[in-house]
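Colleague: Given only the sequences and the hints, what does the whole structure look like? Please build it.
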Amino acid sequence: MNEIFTKSMARNVYYGGSIFFILLFLALTLDTTIALPERDHRENITEQVAHGKTIWEENDCIGCHTLLGEGAYFAPELGNVYKRRGPGFIKAWLKAMPTNVPGRRQMPNFNLTDEELDALEAFLKWSSEINTANWPPNIEG
Amino acid sequence: MLYSSQAVAKPYFIAAIGLFVGQILFGVIMGLQYVVGDFLFPLIPFNVARMVHTNLLIVWLLFGFMGASYYLVPEESEKELHSPKLALALFWIFLGAGVLTILGYLLVPYAQLAELTGNSILPTMGREFLEQPTIIKIGIVVVVLGFLYNVGMTILQGRKTVITLVLLTGLVGLAVLFLFSFYNPTNLVLDKYFWWWVVHLWVEGVWELIMASILAFVLIKVTGVDREVIEKWLYIIIAMALITGLIGTGHHYFWIGAPEYWQWWGSIFSALEPIPFVLMMLFAFTMVKNKRREHPNKIATLWALGTAVVAFLGAGVWGFLHTLAPVNYYTHGTQLTAAHGHLAFYGAYVMIVLTIISYAMPILRGKESEANCEQAQRFETWAFWLMTIAMLCITLFLTVAGALQVYLMRAAENPLSFMVMQDKIALWYWLREGAGVVFLIGLVAYIASFFVGDKKAG
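Sequences listed follow chains W and X, in order. Here the first sequence stands for residues 1 to 141, numbered as in the working numbering. Here the second sequence stands for residues 1 to 458, numbered as in the working numbering.
Treat the hints with care, as some may be off.
[Unchecked claim] Interface residues of chain W toward chain X, partial, derived using beta-carbon atoms under 7 Å:
| # | residue |
| --- | --- |
| 1 | 42 |
| 2 | 71 |
| 3 | 74 |
| 4 | 103 |
| 5 | 130 |
[Claimed, not checked] Restricting the straight-line Cα-Cα distance to at most 30 Å, the calculated cross-link-like pairs of lysine-lysine (DSSO-like) are:
| # | chain 1 | residue 1 | chain 2 | residue 2 |
| --- | --- | --- | --- | --- |
| 6 | W | 91 | X | 424 |
| 7 | W | 7 | X | 291 |
| 8 | W | 7 | X | 289 |
| 9 | X | 424 | W | 83 |
| 10 | W | 95 | X | 424 |
| 11 | X | 79 | W | 7 |
| 12 | W | 83 | W | 125 |
| 13 | X | 85 | X | 137 |
| 14 | W | 7 | X | 160 |
Don't read these hints as lab results, they were simulated from the structure. None of the values given here were measured: they were computed from a predicted structure. Don't be surprised by glycine CBs; every beta carbon is placed ideally from N, CA and C.
Modeller: Have a look at this one:
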């Protein structure tokens, strides 16, 4: 093996392989960014939706929930919660927190205003309309 | 030690271990919250405990990587570190920023922390693993730049070896890719797409370069095998890591809105991602088999073999388990991901940092034989097995939990809702918590090993 496969060959595989696949990855990324508008419906990102994303982030929702399957696995998937529970539910749910049922997982009350709750719901509605290749498998998330 | 400036590695290693303890304590808290839902509520809500758990992991591994660099770069470059003073100053800045961030998570509601730190000026917070306030992220960039300058100058002015060049490539990659944490578009799909450029391209990309170079360094030291042989292995390992791992990013693009061709690219290339880990395992065992010296530090060799094996299991086997798109359709976002994440991080990155600490600490502490006494090594061996077996158990229990989750919620005829399903799998969370406590005991034994025997050198 020492004779056939030398260190300089290994080095060339490293440099050549890395550069080739970096370029391929960049090309696929370019193609993806061109294809995305069809799938993410960015035309529907209103100021309210954008504000909803900020609220989502500034309350660290991802620390318990998943969104399109990414995040923490402590609480339900929210990418499709708008479709699962329908309009109005999200707002009522957040206002009713925490349940304070002994022994049950608790969600804090984030003291959001009506306007903020509407924005959050708008963000989750928009998220539920992203083309996710038919994921999740069913409505439970 | 050969160069006196290598001593700056010591505080980095000590801080790493200290933060590691914090990480595990919060892990045990979270594990309990999975089954006793209101434990410590509202004092420490789950999301806060999770931020502390994951952020401490990242920070202490970075401390470990920096300590490893400060230790091995002077020895490889055959010259003193460019500026030991800068290294020490950055140590205190990084530690201060880290502690401040954790206190911020614990003492202030997250929304208030966002407001206090001016998140609205440049919003980067509230994304998984990148929860740090923007100002802290900027601080991390400054510290890493100073660190890169310091080791970079040392490497460029000294003897250049394959190990230091690979290490430097990995560290520069780490710094450059972190810059994507400042890109937070309103469009969630774009946000997620480039978020992975930090997260995936770190742990399944450039961090593998760092891991492989540290492993190569320790193997040269403990086995005495010829550098030429080690370097050839190193090149081929990192070549395979990047060739498979770059396009392998695609396994995160299946269900987040990206085009569906990623299901092919992601499946095929991430199915190849175990290759570098197989090679790393072959590498470690072959080198130890062909060793040319008997190094008295047996436990460092055990960690080196252990990291190769457990990284292969955690990243390779458990990664492959759920990486093919048709499988991932059902497993995405379940406890199977958590199972894989735990074993992969422990095997690849926790264990490589513990490998270099195990090798370097006795030397940094001035032990003449370059190793701890037999009694201390025996203690550390116990710690090795306790932590490793506990982590394997955590992984197995979470794997069962994840499989049940998939069946009950996504495959059964009458799918259960999330919380109903969680109640049904509580047993496996209890078992995981038990294994977590054993891990903590192993960690205590690990720390105790530093204080065993050999009083005069302690």
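Colleague: Look at each hint and say if it fits the structure.
Modeller: Going through the hints against the structure:
| no. | hint | verdict |
| --- | --- | --- |
| 1 | 42 | 5 Å, holds |
| 2 | 71 | 6 Å, holds |
| 3 | 74 | 5 Å, holds |
| 4 | 103 | 6 Å, holds |
| 5 | 130 | 4 Å, holds |
| 6 | W:91 to X:424 | 28 Å, holds |
| 7 | W:7 to X:291 | 20 Å, holds |
| 8 | W:7 to X:289 | 21 Å, holds |
| 9 | X:424 to W:83 | 25 Å, holds |
| 10 | W:95 to X:424 | 28 Å, holds |
| 11 | X:79 to W:7 | 25 Å, holds |
| 12 | W:83 to W:125 | 8 Å, holds |
| 13 | X:85 to X:137 | 23 Å, holds |
| 14 | W:7 to X:160 | 16 Å, holds |
When each numbered hint is compared with the structure, no violation occurs for any of them.
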